[in-house]
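Okay, here's what each chain looks like letter by letter:
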Amino acid sequence: MTSYPTTWRRPPQIFTDRRWRIALQIGALVYLVFALGTLDVNWARIADGAERGLRFVAGFLQPDFTSRWRDISIGLVESLTMTLTATVVGVAISVPIGIGAARNITPRWVYMVCRSIIAVSRSLQEIIVAIFFVAMFGFGPFAGFLTLVFGTIGFLSKLLAEDIEDIDESQAEAVRSTGASWLQLINYAIQPQVMPRLIGLSLYRLDINFRESAVIGIVGAGGIGATLNTAIDRYEYDSAGAILLIIIGLVLVAEYSSSYLRKFLQ
Amino acid sequence: MLELTSLTKVYKTGDKALNDVSFTVPKGQIVGLIGPSGAGKSTLIRCINRLVEPTSGSIKLGGRELTRLSSGELRAQRRRIGMIFQEFALVERLTVMENVLSGRLGYVSFWQSLTRRFPPADIQRAYRLLDRVGLMSHADKRADALSGGQRQRVGIARALAQEPELLLVDEPTASLDPKTSRQIMRLLVEICAEDGLPAIVNIHDVPLAQQFMQRIIGLQSGRVVFDGPPEALTTEALTTIYGAEDWNAMKNDAAEDVAAEADAVRRMAAISA
Numbered sequence: 001m002t003s004y005p006t007t008w009r010r011p012p013q014i015f016t017d018r019r020w021r022i023a024l025q026i027g028a029l030v031y032l033v034f035a036l037g038t039l040d041v042n043w044a045r046i047a048d049g050a051e052r053g054l055r056f057v058a059g060f061l062q063p064d065f066t067s068r069w070r071d072i073s074i075g076l077v078e079s080l081t082m083t084l085t086a087t088v089v090g091v092a093i094s095v096p097i098g099i100g101a102a103r104n105i106t107p108r109w110v111y112m113v114c115r116s117i118i119a120v121s122r123s124l125q126e127i128i129v130a131i132f133f134v135a136m137f138g139f140g141p142f143a144g145f146l147t148l149v150f151g152t153i154g155f156l157s158k159l160l161a162e163d164i165e166d167i168d169e170s171q172a173e174a175v176r177s178t179g180a181s182w183l184q185l186i187n188y189a190i191q192p193q194v195m196p197r198l199i200g201l202s203l204y205r206l207d208i209n210f211r212e213s214a215v216i217g218i219v220g221a222g223g224i225g226a227t228l229n230t231a232i233d234r235y236e237y238d239s240a241g242a243i244l245l246i247i248i249g250l251v252l253v254a255e256y257s258s259s260y261l262r263k264f265l266q
Numbered sequence: 001m002l003e004l005t006s007l008t009k010v011y012k013t014g015d016k017a018l019n020d021v022s023f024t025v026p027k028g029q030i031v032g033l034i035g036p037s038g039a040g041k042s043t044l045i046r047c048i049n050r051l052v053e054p055t056s057g058s059i060k061l062g063g064r065e066l067t068r069l070s071s072g073e074l075r076a077q078r079r080r081i082g083m084i085f086q087e088f089a090l091v092e093r094l095t096v097m098e099n100v101l102s103g104r105l106g107y108v109s110f111w112q113s114l115t116r117r118f119p120p121a122d123i124q125r126a127y128r129l130l131d132r133v134g135l136m137s138h139a140d141k142r143a144d145a146l147s148g149g150q151r152q153r154v155g156i157a158r159a160l161a162q163e164p165e166l167l168l169v170d171e172p173t174a175s176l177d178p179k180t181s182r183q184i185m186r187l188l189v190e191i192c193a194e195d196g197l198p199a200i201v202n203i204h205d206v207p208l209a210q211q212f213m214q215r216i217i218g219l220q221s222g223r224v225v226f227d228g229p230p231e232a233l234t235t236e237a238l239t240t241i242y243g244a245e246d247w248n249a250m251k252n253d254a255a256e257d258v259a260a261e262a263d264a265v266r267r268m269a270a271i272s273a
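Sequences listed follow chains A and B, in order. Sequential numbering from 1 applies to the first sequence in the numbering used here. Sequential numbering from 1 applies to the second sequence in the numbering used here.
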């Protein structure tokens, strides 16, 4: 019994030749060194910035909620309004698109159309979309609202479609065999299976939209982001710190309440 | 009456699942469909209500041709065929009542079904069927709160809610223990006898089929190789259907089942004595 080996190593799975592995490792290292060499680092500027960064941190440690409270509260209300309306409208549009993008229940051409809508929505980052909408509709929360709706569609439709494609097919088959129409099939076999997840995803998107609203405000789409941008431009780091703390607080609240709600709904 | 004439199904992959299958099922007859896995039992059953599209051949239910229907006509014809599934295929997050009422979907409008406002007669029938299968008190429970045997009873009630002219039953007992299997088979046979309902039952448990079926059809790689009463199902016949080795293995399994059950009964008796 002592003749069995006492060590075992997992054999290499992809590059079985030892020389190849060494060559690849050396190659990666050489590339990393050269790539780092091309970065043009201005150390003097970093030293300057460090001082500003310290002031920023100091502002964070002594946040000033009061002196700009009017601006902050207006920005907050704007952001929350934008977030909530955009999520509701976005979910309402995402559901039919998501159903259309599920391969197992829709004809091929509908699937292609819905998938391309999703692809367009997903390939454009929110900030780019926001810049575009600000140019079209002017500064303010309406551009932000449209941006968030646009982002929600790509996110929610895709995940909903994937969820519908993963349903238990036998339940759908059973409902189909009763002579149910397509709409009845959706209502009786698909909806009960995907509903908890759809609600969970919508709540998650609500909290993404709130964070996103802070970012797109910076390019002029209104909300708390605009307030934050102004505060930073004026070097009022204490107010900026206050705004960031409020954002963190609200995201935390959204996080806990949505996970509680999801547990409750399951 | 159901008439199949040279029904053939070739899958896209080239597999010939059904090869020139013809038989007739008169009113009130319960037919057991046996055969090894891959013989085409599931395909045959699903061709009849066109969950699977047959390649050629004809299917007639009460004189009405079921192949080559428009989608609207197909739905109207599917209402006439109730189906009972192996893994019960209940919609788990709906209540028992909704599952039974879903048997009426082919008869009501989308708005009626969306708002769950079914006609009073449908609701009455659903309650009567739940009572018939012994689940009256479970109507408001969610389907996933029931045990296997109870779920299959809901499946039966759902199929009967369609007021079908034919029952298709796909391995009704494959996910149940031997005792519950017998109870479910007995219930099915009783219900078919009460309503004079013809049924095709896919079943891999040969002793169970022999016990409950009036007629057995044996399939082997898509062809009918046996068609007759259960008494005619001799060892030779079973060997043609299953191949010698498989059949012997199955027979031994069944014998073990029976022995185990008898043993359990003896022990229970010993405990209570």
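Keep in mind that the hints are not guaranteed to be accurate.
Under the rule of at most 20 Å between Cα atoms (straight-line distance), these lysine to aspartate or glutamate pairs were calculated in the DMTMM-like manner [what the hints assert, rightly or not]:
no. : chain 1 : residue 1 : chain 2 : residue 2
1   : A       : Lys263    : A       : Asp207
2   : B       : Lys251    : B       : Glu261
3   : A       : Lys263    : B       : Glu261
4   : B       : Lys179    : B       : Glu261
5   : B       : Lys141    : B       : Glu194
6   : A       : Lys263    : B       : Asp144
Since the hints were derived computationally from the structure, they do not count as laboratory data.
Against the structure, the hints come out as follows:
{"no.": "1", "hint": "Lys263/A with Asp207/A", "result": "holds (17 Å)"}
{"no.": "2", "hint": "Lys251/B with Glu261/B", "result": "holds (15 Å)"}
{"no.": "3", "hint": "Lys263/A with Glu261/B", "result": "violated (42 Å)"}
{"no.": "4", "hint": "Lys179/B with Glu261/B", "result": "holds (8 Å)"}
{"no.": "5", "hint": "Lys141/B with Glu194/B", "result": "violated (28 Å)"}
{"no.": "6", "hint": "Lys263/A with Asp144/B", "result": "holds (17 Å)"}
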